[in-house]
Every structure is written in C-alpha cells, then in structure tokens.
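These protein sequences, in sequence, are chains A and B.
For what it's worth, the working numbering labels the leading residue of the first sequence as 1, then goes sequentially.
For what it's worth, the working numbering labels the leading residue of the second sequence as 1, then goes sequentially.
The hints are simulated quantities; they were obtained by calculation from the structure and are not laboratory data.
Incorrect hints may appear among the rest.
[As the list claims (entries may be wrong)] Chain B stretches covered by chain A per the calculated footprint, using a threshold of three residues with CB under 8 angstroms from any CB of chain A:
hint: 1; stretch: 293 to 305
hint: 2; stretch: 376 to 382
hint: 3; stretch: 417 to 429
[Stated by the list, open to error] Quick look at which bits of chain A chain B covers, simulated, 3 or more residues with Cβ under 8 angstroms:
hint: 4; stretch: 56 to 68
hint: 5; stretch: 154 to 162
hint: 6; stretch: 366 to 372
Backbone N, C-alpha and C fix where the C-beta goes; we use that ideal spot for every residue, glycine too.
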Amino acid sequence: MRKGLFITLILCLSSFATLAQSNDNLVNEGSVYSRFGLGFPVDIASSSADGLGLWGVSYIEPYVPGLANPAQWGSTVFGMATGGVGINNFNAKDNFGSTKNALLFVNQFQLQLPIYKNKLGVSASFSPYSRTAFQAIESGSQIIGSGGNRDTLNFQTKNTGTGGVNRFELGAGWKINSNISIGYAASLVFASIDNEFQTVLDTDDNPDNLNPFAQVNFTQQTSGLGFGNRLGVYFTLPSVAKEDDKLSIGATLNFPIELDSERSQENIFAPDNDDDEIDDPDTELLEGNVQLPLGLTAGFTYQPDNTNLLSFTTEALYQKWSDFENELTPAENGIFTDRFKIGAGVRYFPFITGSDKFLSQFKYRLGASYDSGHLKINGENINTIMFSAGLGLLAPGSNSSIDVSLEYGIRGTKSQNLVKENIWGVKLSLNLAEIFFFRPKLQ
Amino acid sequence: MYKLNLKLPHGKVAIITLIFSALVLFQIGGCTDSGSVGGSLPGSNSDVQVDTLEITGLQSDTLESFSGSLNFFSAGRFQDPLFGDLEATGLIKPALPASNEDLSFDNNTQMRLRLAINRDAVYGDTLADAEFDLIELREIFRGNAFMLNDEVQIPDIIDGEGPIMGTRVGSFTVNNEDTVEVELSPTWVSRYGSFYNSTATNRDSAYVREFFGLAVVPRNDVKIVAFNPIDSRFIATELERSANADTTVSDSIGITPREWAFSLERTNIQDSDPGSLKIISTLERVIRFDFDFSLENLGSRNISRVELVFPRDNVLLDENNLQPGVVRPLGNRLLLHSVEGDELPQSIDPGNPIGPPRSLPPTGFFDEEIRAYRIDVTPNVLSRQLENIDENQSFYLTLGANNGLIRSSILYNSEAAADNRPSVIITSVNTGDN
C-alpha cells in the first residue's frame, strides 16, 4: 500500500519536473495579461482552499497549515508544513489567432508551529504575490528613405516576460479565547521580473538576401524591495442555528506595499550572428516606487455539525488596484481598476465517519468564483470565472495529506481587441502534520 | 525528526490517483503550441525609429603615404582638369635568385621584362598608346620605405650601348593589353648577369648596394597605367647558337621583382568647391572628421543599424567630365579609420584595422541609387569600438585601400545643400523606457 502511494507521488512530481524541463518555451508562458504592472496577482490562500477556488480565511482545517489568515495560527496544535506545485494551461484567443501555453509554478511553502498549543502559533512562509509569464509578438513596418531609396522596413518584436513578486513572511497568531483569534504577519516583498525583447528587422528590397539590420536583443530587469503587513481576525460562533453547528468568520487586511524599485537593461549583441555574443554591462534606466494596493479578504464558513464532515464557505476579496502606482511604467497606471472577487464552496470529508468504503477515503472540495479582475483595458474588465474541485488523500497512521485540485476558468474577452483565455489548472500540495513534535499520547 | 508514515487502506486508491493525476497533468501540460496572441494589447509599444545625425566639420587632409611594395605600381602621365596634372614614375628591380645550374648568364643570355597590367585601372585615354622607357636607376630605392612623393633621380637618357648608367634599357607601348614584354638591353642584362653568376660571399649585399633597378618613365601624357608586380616577371633566356646560325632556346627562368614602387607628382589641382572635398586613394587627399559615436549621442542603446552616408559630388564630377574614351577611375569604396593623430599615416596605410569584431576597417560602397557612399558601422558601434575617443583621435576616410592604384572622388561636406550633407543614420528599437 505504502509503495502504491509512494509511486503515485513520485510519478506526479516526476511529471511536473518532466514538463518543466521538456521545453522552456512551452511551460513558462502563462496569462497574456501578466504583462501589465508587476504581473498577474496571486492571492494568499491556504492549500486547503485550492479545491474551492477561495482563500480559506474563514475556516481552519485540522492538520493542514493555513496561510490565508494569520489569526488562524493561534489554533496551531502540531507543527505543520505545506508545499505545492501546479501547472496551468492557457488556451488564449484573440481576433488574430490562438495559442496554447502552459505554466509550471511553485505555489508556496509554509511552516506553521505552535508556541503554546492552541493558543499562540507562528508561521513562516514563502509565497508569490504576482506572477509574470507571457510572450507577446508585435509586428509592424514603416517607410524609410525617400525617392529612389524609399523602402519598407519590417520588424517583429518578441517580448517574453518572466518572474514576479514574491514574499517571505513571518507572523504570529493568538487565540484570545475559544471564539476570537487575531494575527499579524510581516513580510519582505521582492520583485524580480525580466522582460526580454528580441526584434528582427529587414527591408522588402533586400538584394542577395543579406539582411543589413542586426537583430536587437535586450532584457529589461525590474527589481524592487519593500515590506508588507497584514492583520487577521477569526471568530468562531458555535450553536448558531442548532446546537452542534458552527459558524466561523475570518477576515484579513493587507496593507499597501511600497516597493523601492529600479529597472535596468542588458543588451546582447552578436556581431556576425555566429560570433560570440557581446554582453553590455547593465545600465540603469529608471528608479521609482511601485505602490501595491490595499487588500481585504473576508468570509464565513458554516458547518452544520461539529464533525467537519460538511461545510459551506463563502468568501470575498477586495483589492484597491485603482491606487496602484508604478513610477517605472506610469503609462500603464490608468488600466488598473479595483478588483472584487467572490466565491463559494463546499467541503465534504467522509473519511471522518470512519467508513472503509473506497469513496470515503478522500476529502472532497468543490467551489466557484467570480473575479472582476484588476485590469480594465479598452473599457473592458478582464474578469475571470473559475470552477474548482479538489481531492484530498489522507495518509492513515499520520495526519498528513496530499491535495490535488483541478480548476477551469474563463478570463477576458475577445472584444475590443482583447484576449480570451480558457484556463485549465492542477495543483498538488503536500501537507505534513505533526512535524517536530511527538503526537500526544492521548488523542 | 518527522517520519512520514503513509499507509493506504486500499491499493485502488493509489492506482486511481495515479491515473487521475497522470491524465490531468498530460492534458494540461502536454497540449501546447508555439504562437502568440495579445500583440494588439496596449502597453507593448515597441517601436522602430530611424534618426539622422549630420556629420559636421569634415576637413581635407594630406598624408605622406608609402607607395612601395603595394599590390600595384603606376606609371604614366595624364592631365585631369579636376584632379590636376599627374606624372607617375614606376620603379622595379628584379630579385637575385640563387644561381641555377641550368642557366648561366653569358653573351647568349637574353632578358625580357614581362609586365602584367591592370586594365581596369587605366587613368586616361583607354584607346591611346602610352609610351614608356625603362631607364636604369643611379641610386638605391627601398620598396618598403618608398614614399609617394619621393623624388626619383632619372638620368638623362643616353641611347646606345655602354656601361653608362642612365641608358635606356628598353621601351614599350601600352594600348589595351593585359601584359607587355620588353626586351632589355644586353648591357644591362650583362650587368645583372654578373651578380647572378657571382659566387662571392657578399653576392647579395653587393647586389643591393650596386644594382639599382629600373625606372618606368612615361614618354607621353595619354594615360597612367597600373602594373601588377606580383604577376610580372624578368625572363632570362639562354640561347643556343648552332653552326648554321640558327638559335634555339635551351633554357629560361622567370625572376620575380624584388622591389617595386612608384612616385607621383601632381600639379595644377583644381581648388575644391566650398561644399565638397576631394579624396584620392593614394592618401594625397583624405577626409578627417570627429563624431561622437557613443550610444548617448546616437540616442538609443537598442541599435539595429548605424550607417554613415557620404553623398558624392556628382555635379562637379559631371561638369569636369572627360572626353569619350578617357576615363577617371572613381573609387567605389570608402574605408573608415579611427586613428591617433600621431600614428599617421602608418595607422591608415595599409589599413590598420579599427579592431574586432571585424578585422578590417569598416568598408563603404558606392550606392548608385542614392549616389552616395554608405558605410555600415553597426558592429563597431555595438561593440563599443568607436566610443571613448581620445582628444587626439579622429576618424579618417580613405578612398579604398592605398594599393598603388590611383582613384579619385569628391564628397559633399556639411556646407553642401541639406540633402547632400554627410550623415549618420541610426535605426533602433525603442520601448519607451530606453
């Protein structure tokens, strides 16, 4: 039995690794909308919420670390850790064509430890704030010369963006009493985004097929550093509608983050194409601040009984992207708009009943969400509708688990010369419980 | 330490999970294709820009150039209404090969000079006969050190035989041939033969000191001819005389030239028009200018092409057009040199390279469509060879390489009409941030 799961794990992880290494061009391109700002936002979410498409600010899932709400860390009993990877497939279309891209990503890593069991806990995590992974090709032409020397200069620029904004976060949560918890986390936020431009130029009238124009290759590197803060509260209200039910409410407030940023450029020149390339030293282009917006996440979860067998969750997010300021690319600032996201999901954990039926060995999660998006381009909000489903695989004899979630969504529109993306995604999370500490003798 | 203790109640769980995961992963990650959408989204705005910067301050300069041991040496006289009266005198001296057992110079040895001619470089009347004398020199010339304007002491010609320096060794006429052969006088052949046959230990040094070679002296002023010394030969022939006085060639050797050079005297050159500058391949006229090729001055770091354009003053050339059948070789190549002032002319002649990535000076060609010389300096600009110019450093334009051919042209300078001014054309890619 153990061998079967082990093989499963190895094969799944190997598949990810194989996809990652098979062809860089095929597995590092994501949403075309990640070219704007510092990339497409990635929300702070607990791995237990992956199958819901939500964040998990309003519930605590035992033996699974919770990243979404710092207040939940006060309820930590055992040392826990989680890490995950995922892959998204983007089938993008616009009025001129279509493309399929796949993006392999590391989701997050978190270590959550109790200081005083079920009273005070701490968390350390590494998670993405935004992700940049796109490739855009732009073609054009212009008339050069005059009179008999008049010619058409054609050019095509391939712009490839990679990187994003990540954060390293430390925080603590305090369970004030059985009903109220609060938490705080501070983070070091750093941006590292590479924009590679490759432009090929040629003229119509090109005798001997000798292109007199050199290919222009350069990479603009955007980097930034800042500090982030967030607060969380978590309320548990037992016996709301009946004696053994429970309503939990959670909310987090993410304060704006100011990144001290700069943009530099490295040019690469191959004198005769086959010769060694000549790298220019980096040249600083711009310095400035990037203001990441305020965010608020809140939601509630209702459990009809206290066994965790079934629960219903509704959560919402608001981010004030209209306050986003990027002094490095001020021309873009006008396209950012306030973002609202709302979703609902249900969790069903039949393993709690102790049944030995096959289908009772899993955790089930299902959810849907609507995201108004943080971009408004050509008068259109780049919204996303997402459907999610998840399957949790328990490790008997341990409280660790593996979560696999699948999601499908639609983002954007083809109108107004925009891009519509059909998104398929899968995430794999490994949740380790009871690390560093012996299990209680009495459980 | 934590030990993961994983057990499954049913093997089916693992198998189903495996199949599910594999299917999902390959469905999602395996279906990709190349291509791109979103090119019409705002914000990309990469743009190709073509800028033109004028080159100002062009000045004409004269360099004292070497004219020996080049690819060619010229000889002849011609009067060009635009570029002056030219008289070129060629110099050539045979090598002294080791004695050949099959050939020993004696009274039966004849010697001819076979001169190869570059027919594409005739300067003057292509149909007329250019007449030349071969005169024995009275002084040493050193091919590697001979300068274009060095004077050649041509002795008065004394016809006839005799051991008198300054005698005419031979005469020839050039019309439209690619080679001419000149029979050399027996006296001169005998003098050469004495060095050839010598077994003295100072054979070579005596030859250098005491035997001076020949001058190719024009006798009329119809054209200037370029001779190719590499393909030219002194041919020594051993004649056998039989009893009935018939002669047959028993043996012959071809002797390569050891040294060659030419001197050029130019007078009555017409003053340049204020809007143009003359340029001559022999470095009598080169063009000097300063220009800041730094990326800051060029306006972009993302450069695809940097081209120098020097329009030719075709009006002035046409106004001074020559008669039908009379040609003025117009150089169709410009070379750009970046040199220290005190390195001249060695840094130009024979074409000191600017440096990698190209091993030769940037070469420009004459574009018939725009009637201008165009020099692509993109690799040199992008590899930063043209940056950080010292105060003492300037750019020089030469009309092709100084290879012994006489070619001429006229370039407009910055005082010409706006459309004709020399310029730098920069094609670059910009994204708004650079």
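Hint check results:
1. Counting residues of the stretch 293 to 305 of chain B whose CB lies closer than 8 angstroms to any CB of chain A gives 5, which reaches the minimum of 3, so the coverage claim holds.
2. Under a criterion of three residues with beta carbons nearer than 8 angstroms to beta carbons of chain A, the stated coverage of the stretch 376 to 382 of chain B is upheld, 4 such residues being counted.
3. Given as covered by chain A, the stretch 417 to 429 of chain B passes the check, having 3 residues with a CB less than 8 angstroms from a CB of that chain where 3 are the minimum.
4. Coverage of the stretch 56 to 68 of chain A by chain B is violated in this model, with 0 residues showing a Cβ closer than 8 angstroms to a Cβ of that chain against a need of three.
5. Under the rule that three or more residues need a Cβ within less than 8 angstroms of chain B, the assignment of the stretch 154 to 162 of chain A holds, with 4 such residues.
6. Only when three residues or more bring their CB closer than 8 angstroms to a CB of chain B does the claim for the stretch 366 to 372 of chain A stand; here the count is 0, and the claim is violated.
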